[in-house]
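Protein chains in written order, with the working numbering: chain A, 1 to 212; chain B, 1001 to 1390.
Among the hints, a few may not be true.
Said to hold, decoys possible - A short, non-exhaustive set of chain A residues, derived as facing chain B with CB atoms under 10 angstroms:
id, residue
1, Arg54
2, Val63
3, Gly76
Please keep in mind that the hints were generated in silico from the structure rather than gathered at the bench.
In this text, a Cβ means the ideal position worked out from N, Cα and C, and glycines have one as well.
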Amino acid sequence: MSTLDPVRFLAKNLRVDLALIAGMIAPGARVLDIGCGDGTLIDHLFQTKGCDARGIEIDMAEVTRAVAHGLPVMHGDADIDLAHYPDSAFDYVVLSRALQAVERPREVLSQMLRIGTRAVVSFPNFGHWLVRWQLLSTGRMPMTATWDRPWHETPNIHPCTIRDFFILCEEEGYVVEQWLAADDGGRRAPWRRFSRLANLFGEQGVFLLRHR
Amino acid sequence: MDQSVTRTDVAHTHVTFDDGIALECGTTLRRHTVAFRTYGTLNADRSNAVLVCHALTGDQYVAEHHPITGKPGWWDMVVGPGRPVDTDRFFVICPNVLGGCMGSTGPLSNRERPDGTLADEPWGTDFPPVTIRDMVHAQKRLIEHLGIERLFAVLGGSMGGMQVLQWAALYPESVFAALPIATASYHSAQNIAFHEVGRQAIFADPDWQNGRYWQTGRIPARGLAVARMCAHITYLSEEALTRKFGRRLQNAPKDSTEAINLFGEMFEVESYLRHQGSTFVQRFDANSYLTITRAMDYFDLAADYGGDLATAFRGTRTRFLLASFTSDWLFPTPESRTVARALNRAGANVSFVEFPTDKGHDAFLLDEPDFHRTLAGFLRGCAVHAGLVR
């Protein structure tokens, strides 16, 4: 595991995990952002790093907002549309805070590393101590700032923990080039050398993967 | 419907090429004329040209009053000063298609004899069967004539969108941005079927006279109007028809002799369609309608590239915007999605948006603020990438 370069650029209003992701991406790279929302990250990558960044988004209102802002975004579904991209079309394929919401996370990851040399994945950590505590103490599905919708309303059908994700990468043969845990306030947690602590105190995990 | 209407002869801005155009069918036209309109100013390095491709019954009068009908340009909400295709910034070119009837070479033009001289009578139904590709070839000649090597953007809806796709496939280096709107990479069996109903309506009109209607001066107005009425239904949606007309009745016009007036009253939707039909025949030529509907029916871009649409766009650097409309059942969203996925396979830069509306296929011509904002934003973004904006 290499150590992560410090995130030097934290744009105003750029979502924390997006800033952390941007810090993992080399200037001038070809990037596909899956679940790009209104295109904040691809705009940031183009403006500050000269990347050829494109996006896919499932919410049509967000797609419209992004394209009306001049950003190359297409309506599409991560579970279906990645299959239509050629091998190694991108240097990085990004999936930010959407892994837990796709139908088949393993298949999506495998597509990401087929069409891209590297994958950047961020997801809310279900192993955070507050989530664990709420489940233990109340016996009910946790409701936190990150997990803020009741179980029957949430689009997050595949929650996982940072440890779970490490294990999946191991099983699938992906190399974790960089990883970190962060809290929602934007400070990177200091326990990134120790994944079990990160899994307890990190509100989200950010991973940079490549094929073995 | 007045049987005696004739199209007013109007002089159209045009350029004639006499070095021949080889058509896909194998025929070569020795000379061909492209009628066109331009708006805005071409900049010094000729990098701000935008080509607008019109649909089946459109023409080059995209952003000004029509010389025959007096109506506003067919896309004056999209093209003009301060509009999404801003004529204060872009030099907009809109040609009449090959096979059209607004000044470009078509069935109304004088026929060429085998020795290349012009006969005194029109081509009529002997006009060669042209294709979307032939139309694009003719447009390319016009663009070259205007001294433009690369178009900043090519855009159009419906059949105009077919031309956009054909442009992007044939001349990728000449198209910086392509905007195929409410269109498809091939004409579906259902769409061909509707076109055939329209053509049969024209053939069934005794005034069609095997296409030689200039000999008597009586045009097949009824047949062409029925063709238009049938087509017009396909441009709308059930929701839009219900919203606009419902089942409301009105009195039938007293001076009308048509059979429907036996009932003494008519549904508003009938009246509307008749109006659409009767105004159409004043500006459109029946043989042109036959020629152009056929060109659309023939269109199948993937078939020209071994059956794989992605091959048509392999390696392209053109930036694409595909746009479709939820209630469009003539060129439904899945057909745009098919094109978007082919572009993905080709590694192209593609944006794809579907707009919610109940206005059917016609939505691309109507007041759809989200659509217009998106067009403007996409073009603005492309202008940055093209270096048009400092």
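How the hints compare with the structure:
Against a cut-off of 10 angstroms between C-beta atoms, the interface hint on Arg54 of chain A holds, since the closest Cβ of chain B lies about 6 angstroms away. With a cut of 10 angstroms, the hint placing Val63 of chain A at the interface with chain B holds, because the nearest CB-to-CB distance is about 5 angstroms. Using the Cβ-Cβ criterion of 10 angstroms, the hint placing Gly76 of chain A at the interface with chain B is satisfied: the shortest such distance is roughly 7 angstroms.
When the structure is compared with the earlier hints, no violation turns up for any of them.
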